[in-house]
Structures are given as structure tokens and as C-alpha cells.
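So the protein sequences, as listed, match chains A and B.
Under our numbering, think of the first position of the first sequence as -10, with each following residue one higher.
Under our numbering, think of the first position of the second sequence as 425, with each following residue one higher.
These are computed hints drawn from the structure, not numbers from a lab.
Each hint should be verified, as a subset may be incorrect.
Okay, derived cross-link-like pairs now, DSS-like style, lysine-lysine, Cα gap no bigger than 27 angstroms in a straight line [as the list claims (entries may be wrong)]:
| no. | chain 1 | residue 1 | chain 2 | residue 2 |
| --- | --- | --- | --- | --- |
| 1 | B | Lys583 | A | Lys103 |
| 2 | A | Lys238 | A | Lys132 |
| 3 | B | Lys768 | A | Lys105 |
| 4 | B | Lys706 | A | Lys75 |
| 5 | A | Lys56 | A | Lys238 |
| 6 | A | Lys116 | B | Lys434 |
| 7 | A | Lys48 | A | Lys132 |
| 8 | B | Lys798 | B | Lys649 |
| 9 | B | Lys434 | B | Lys583 |
| 10 | B | Lys768 | A | Lys238 |
| 11 | B | Lys435 | B | Lys649 |
| 12 | B | Lys768 | A | Lys56 |
| 13 | B | Lys583 | B | Lys768 |
| 14 | A | Lys50 | B | Lys768 |
| 15 | A | Lys75 | B | Lys768 |
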Amino acid sequence: MSMNRRDFLKIAGISTIAGIGGTAIVGGLQKGVIEAAQTAPDTDTLTGKKWGMAIDMDKIKSEETLKRVTEACHRIHNVPDFSNTKDEVKWIWTETFEHSFPGQEHQFMPDAIKHKPFLLLCNHCDKPACVRVCPTKATFKRKDDGIVMQDMHRCIGCRFCMAACPFGARSFNYRDPRTGLKPEEINLDYPTRTKGVVEKCTFCRERLAKGLQPACVEASNGALVFGDLNDPTSEIRRILASKYTIRRKPELGTEPNIYYIIGGSDYAVVPEIK
Amino acid sequence: MLEKALSGSKKYWTWIFILLVLIGIGTVNYLRQFQTGLAITGLSRDVSWGLYIGQFTFLVGIAASGVMLVLPYYLHNFKQFANITILGEFLAVSAVTMCMLFIFVDMGQPMRILNVLLYPTPNSILFWDSIVLSGYLALNITIGWVVLGSDKKGIAPPKWIKPLIYISIAWAPLIHIVTAFIYAGIPGRHFWLTAIMAARFLASAFSGGPALLIILALIIRKFTKFDPGKEAIQTLGKIVTYFMLTNVFFFALEFFTAFYSNIPGHMHPFVYLFAGLDGHAKLVPLMWTSVILAVVSLLLLIFPATRRNEATLAIAAAMVFISLWIDKGFGLIIGGFVPNMFEKVTEYWPTLPEVLITIGVWATGFLVLTILYKIAISVREETAGIEIEH
Ligand code: SF4
Ligand code: SF4
Ligand code: SF4
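Please construct the entire structure, taking both the sequences and the accompanying hints into account.
Below is the structure:
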């Protein structure tokens, strides 16, 4: 049942891109009017109660894949590139196993795992520390689908959320982000930001509203699986029920919703739960 | 009473002029920061708070320490503090002013500062901190001003001020406890995640603040006819001694827990600060300076002979102040961010514009302090010798 719906949505999404019957949505998504999607949900919208992601590191075989995935996100969301780590802004990036899961590595581990690059992004935690500390509710958790959002027009740039997030998922615009974008590469369908505000991955809520999968998922060739953790029949739930997965720093109680599949190269054949 | 600030000696005006120049330099640099963004500071994605927030934290302590004069005087009728209680209250006013300015210059979108009040968020400690700080500022301005105004007229202060004074006594520790909670409740930053944080904050505040007051009192006695009182300064010396001991003791407790438990996450910030981590050791000389100053100052304070001698007491007070400034105004913040969430080391060091802005804010604080002290001292010089029952 849910697979069928998903397939239908995929087709709907593709037709949106192609502009078949989707011109109204695309046309309506000009800069600044993106909020409209929240008040008048499109019928194509992907709906879920608690979005999450499973990342199968075994399926990511090359640097190219990683590059394609991260660039897909950064390009589509106008994430600036200043080529320096100090003022860096990033929504999704890689870090080796030992730095992604500090304390989990050990000296006899094969180097291939220890130094394997893992994809990191905001965990859209169930109990997000960033939301707890924000003095203006500029970062908040959406009730309907659990996405941890960021209101760029309200953020005062105090960076309390950056101190609080245990996953280093947040970036501050130390300089005008528009100066880190090539004018010809700016995606006019997505807002650019101003200096002095904090930003991070938004789980592509603007794409979900159009019935599309997140950009990184789409670019990952099946290595990233996005879905509703509340739905026991969803693909992601079936993967989590059958494969060994780990999360980053679960001991801190934020309840991260990004799962990493360890040694799961064959999860695609997991039988469907009836 | 404000007119008292407008007449003064040549020295007074030179001092005001120096402060104004520093404020001017700070302002110019702040405008640059406002224009280009916080990129002109040494802050980064990994170390996202630095000198500004460190100064803020340190100065909340200085502000809270005013209570060390107010409490003995009003609750225990400790007459020796009759003259200098006003100095404590006005120091608090100047310190809270600086706190607010430091928060302001640290913000990425300072023009949106009112959002904190427009969208009140009780689950954020920063929300509570802004409330307790502005409340404390209002209390101290009101109390200091009203009491001084009555002194000037040679009458006892109005009755309604008493409840405010009692509230301010309870309020003072509160501002520092709430500030400690900014740090002590964050998951994943081992250096800050410690139940003893608020207690440490109070101990360092109640030693650093009175240490500064000793220095200020000695300066005032040198340059004016106003005498804060030898005994009052000696009592402050004892307060500094006990709280500095407590502070060092608390720090040792942190050290023990981190290293005896042998938990890497707990040890790393200490290792970074005092020995360097992965070849990064920018803060090591600074942190050891703080330790040495703390130890030497304690020796000077504990031995009665050196504590009673005002020259050595002044040196000890300056050492305490500098030691705590390094520990709290710098080490505490950076230690929370290094190593980062990926167990990697990104170092931080303030840039020149950042330092100049910081000096500009301190100069603003000292300008407020100078003006308030000038008024207080002028009034007290006029009424010297008159006993007023408070
Ligand atoms: S990963 Fe960090 S930024 Fe994302 S929801 Fe969790 S605490 Fe917030
Ligand atoms: S930087 Fe913005 S989002 Fe983060 S805590 Fe401050 S106001 Fe909230
Ligand atoms: S979910 Fe969307 S916003 Fe988040 S990392 Fe992937 S592409 Fe970027």
C-alpha cells in the first residue's frame, strides 16, 4: 500500500519537474513565498509524522558519490562556499568514522572503517537541544512531521544553538553568504540568507512539499533512504527492523533520527511487512 | 546630582578623555563588524563563542559581587561598609551595562534584539538571563541613586527602598546562577556539563568582585578626599581570601573527577587548556599564568602579615582579578569548544578588531563607573563626618 503511494508520488514529483501539470506549483514557489506551502499544503506533498533517514555507508563506494550528494544539497539550497573552514557553512558533509562516532573507534579496527568518510547532517532530533536553548523560537520543531526548522527572519544570531547542538550540525553566517555564491549558480527558487543568522539542513521541506525526495537522497543512488519513522510499513522502518544501525551520540538523549547502517549491503531484499 | 560629574580636576578630565578615545576606537571597529559580519573576529564554526561571551560571563560575576557589601551592611548592620556599599552598587551598575553591551556586540543580528522579548521563550536560559540582568540593573540604579540622594540631603532614605534592597540581595546570586545554567545544561560539552558550575561561578564572582573593589577603593583614597575605610578594605581582603580558596578548591574538584574517572571526553578540555592537545597549545601559557597568579595571590592573602599590608594586599587583589579574568573570561568558554563535537581541535584567538571592540566596551563600563563614583564621592566628601542612619 505505502509502496504504491510512494511510487505514485515519485511520478508526481517527476512530472512536477518536467512541468507537466506542475507549472502552477513551480511558478508559485518564487523567492519569499515559500511559506505558502505550509498554509495550503499541496496534494502532492509527502506526508510523514516523523521523518528520518537511514544511510547505508556500504553503498557509498566512491568519493564521487559523496561529492555528488553534498553538492546536490549545497547547490540547490544556495549554501555558500568561502573555501575556508573558519567561516564555513555546510548542511551535509563528511567526517571519518572516528570523528563521526568519537569513542567508538578502537586501535585494532581496520583502517578502512576507521577512516571511512561518513555523511553527516542535522539529526532532526526528537528532543533537540538546539530548540531547547533558542531564546526566540527561531529554531523550532514542526509538530506535524518533526522537522527541526530555522526561521532566518527571526534568528538574532546569538549562536546559543550552535553551542548546544552536540552534532556540530549548525553553521553561522559569519559573512554575507551571497558573496560565497557564484551568481550564475544561484537557485532562484530557494531563498539566499543574510549574514548573522544560523542555518542548517531543513530535510528539504520545500521539496517534500512538492512531493520530492530530499536532494541528497535523490543524488545518492539508493544509499540514503528517507521515510516516515512513525509508519511501521515504511521502507526505512523495515531496514531499521532488520539491519544493524547506529546513531551518533545516542547517550545524550536528543534522540537523533539519522541512522547509519553498518554492513548492510543487501537490505534492498528485506521482505515487506504485511 | 548629575552635575557633580561635570566638574572635576584636570586628572579627572584626562581620564574621561582617554576613555572616550578608547570608546571611539571600539565604536569604529564595531561599525566595521556590523558591516562585514562577525567574520572579522577569530570566531569560527567550531568555536562560536569567544572573547565577548567570556567577558560577559566574567562581568556578570563582578556585578553579582556587589552583594558582598550590601548584605553585611544591610542584613548584619556591619557599619564598616557604610561608606563603600554605594561603591559596590555602582560597580554592579557598570558591570551589568558591560554585560549587556557584550551580548549586543556578539549578536549576528543585533537589530533584532527585541525578538527575545517579542517571542518570550521560557525554556531558553538566555531568556531568563536577560530578565534577571535587566532587573538587577534597575534595582541597583534605583537603590544607589535614592540612597545617595537622601545622603546628600542629610536625611534617612525613604522606607520603600528597604524591600528593594532585600530583593537585590537575593537577586544578586540569581544572576550568576542563571548565567551558569547557560553552560551547565548543555549536553555534549563536557567542560561545561558539571553540576558544580553555578557554585564555581559564585565563588569566583565573590572573590573577583571584591578584589576589584579593593583596588578601586585604594585608587579612590589616593585621588580623592573620600576614605572608604581601612577596616572595610581589610574585611574585603578576608572575603577575597575565603572565596578564592573556595574557587580553587572547586576547580580542583573538577580536575579530580575528570582525571580519576579517566573519561576521555572529560579530560580532553583540561588537557587542551593546560598541556595542549594534538599539537595545539595556544592557551597553555595563559592558563598557567592564571594558575600561578592564583597560587601566589592565595599565599599573599592567607598570611596575615601580607594581607594586612595594603601594598601587598593590592598586589594580591590584582593577581586574583587577572587570574580569574583568564580563567573565566577566556579559558572557560574556549574549553567548552575545544575539542569540538568531532573530537578535533580548532583553535581560537581573538583578532585585533575583536580586542579593540572589547576594550571599547570595558572603557564604556569604566566611563559609567567613573561618572557614578564621581557623583557618589562628591556627595560623600560634602557630607563627610555626618552620621546617617540607613
Ligand atoms: S542535530 Fe543538532 S541542530 Fe539538528 S536537531 Fe539535533 S540538536 Fe538540533
Ligand atoms: S542563533 Fe538564532 S536559532 Fe540559534 S539560538 Fe540564537 S536565535 Fe535561536
Ligand atoms: S535533507 Fe535536504 S537539506 Fe538536508 S542534507 Fe539532504 S539535501 Fe540537504
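Hints, verified against the model:
no.	hint	verdict
1	B:Lys583 with A:Lys103	violated (71 angstroms)
2	A:Lys238 with A:Lys132	holds (24 angstroms)
3	B:Lys768 with A:Lys105	holds (16 angstroms)
4	B:Lys706 with A:Lys75	holds (17 angstroms)
5	A:Lys56 with A:Lys238	holds (25 angstroms)
6	A:Lys116 with B:Lys434	violated (60 angstroms)
7	A:Lys48 with A:Lys132	violated (32 angstroms)
8	B:Lys798 with B:Lys649	holds (12 angstroms)
9	B:Lys434 with B:Lys583	violated (39 angstroms)
10	B:Lys768 with A:Lys238	holds (16 angstroms)
11	B:Lys435 with B:Lys649	holds (15 angstroms)
12	B:Lys768 with A:Lys56	holds (22 angstroms)
13	B:Lys583 with B:Lys768	violated (59 angstroms)
14	A:Lys50 with B:Lys768	holds (25 angstroms)
15	A:Lys75 with B:Lys768	holds (14 angstroms)
The structure fails hints 1, 6, 7, 9, 13 (numbered hints given earlier, in ascending order).
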